[in-house]
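**Student:** Spelled out from the first residue to the last, the chains are:
Protein chains: 2
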Amino acid sequence: MAHRQPALAVDCVVFDPQGRLLLIRRKNPPFQGQYALPGGFVDDGETTEQAAARELAEETGLAATSLALVGVYADPGRDPRRHVVSIAYRVRVADFIPRAGDDAAGAEFVANWKDETLAFDHNKIVTDAIAAITSSERK
Amino acid sequence: MAHRQPALAVDCVVFDPQGRLLLIRRKNPPFQGQYALPGGFVDDGETTEQAAARELAEETGLAATSLALVGVYADPGRDPRRHVVSIAYRVRVADFIPRAGDDAAGAEFVANWKDETLAFDHNKIVTDAIAAITSSERK
Chain A
1080 MAHRQPALAV DCVVFDPQGR LLLIRRKNPP FQGQYALPGG FVDDGETTEQ AAARELAEET
1140 GLAATSLALV GVYADPGRDP RRHVVSIAYR VRVADFIPRA GDDAAGAEFV ANWKDETLAF
1200 DHNKIVTDAI AAITSSERK
Chain B
1080 MAHRQPALAV DCVVFDPQGR LLLIRRKNPP FQGQYALPGG FVDDGETTEQ AAARELAEET
1140 GLAATSLALV GVYADPGRDP RRHVVSIAYR VRVADFIPRA GDDAAGAEFV ANWKDETLAF
1200 DHNKIVTDAI AAITSSERK
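Protein chains in written order, with the working numbering: chain A, 1080 to 1218; chain B, 1080 to 1218.
Read the hints as simulated data drawn from the structure, not as lab findings. Predicted model only: the values in this text are computed from it and were never measured. The beta-carbon is built from N, C-alpha and C at its ideal position, and this holds for glycine as well.
Listed next, the stretches of chain A that the computed footprint assigns to chain B, with coverage defined by at least 3 CB atoms under 8 Å from CB atoms of chain B: (1) 1120-1127; (2) 1146-1152.
Far from chain B, by Cβ distances over 10 Å, these chain A residues were calculated: (3) R1099; (4) P1108; (5) G1112; (6) A1142; (7) A1179; (8) A1190; (9) W1192; (10) N1202; (11) I1209.
Pairs of lysine to aspartate or glutamate residues, derived as DMTMM-like cross-links and limited to a Cα-Cα distance of at most 20 Å, are as follows: (12) K1106/B / D1182/B; (13) K1106/A / D1158/A; (14) K1203/A / E1128/B; (15) K1106/B / D1158/B; (16) K1106/A / D1200/A; (17) K1203/B / E1128/A.
Put together the whole structure using the sequences plus the hints.
**Tutor:** In structure tokens, the structure reads:
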């Protein structure tokens, strides 16, 4: 493979039973201090599902019980640092008491998440996740 | 990003109106000489959809008219060379006369593709693509 490649990341969409969305406060640039979905880079040798569960646990302390693919986010401009392709999952968890990990300044279920401008293209990811949930419930 | 990451690839599932599947003959190892889906590695700065359309054109001469996500294939053992995560798309094309490009020893629509052992996990990708098509037609 001669060419440079995009980096590969994952993001997690987690709702609690009250419809609140799990968000972290970004500790580091870009979008420092802003709300974002839990997520991060995929390591060599782990599946994207494993990476999503690992990042969720590291950033929020919550354990994934199931993951469903939401979509692939590949716009070269979605991360100001470099080209990052993100695989987004809807993730179910067993308990709903987050605690922020080292990479996050905070982790909480947010009720008024629709009013927040999330980091990167995370508003679009959440919109797509909700559309996928609605579609699967119609089946 | 301190860690080594998986490589990122795309694969294309293309059927013709007779239900034949577009396959290439692999020119190079691994799986040299075997049938495979058209596809290849994603370049920095292109979306995964652009990569799929580019690889399809390079390997088969066919122009993509629409792409729909099938799934993400991330098993670390799916490629014997190294960890490669592949994003698979169902791709529609405008015409159905393939010609093999430099990277492929042949490109053709294959009627009896169900009898073939495809390279990598491509049999599974095709099965998933058909399930997704069937599911969307039921809606």
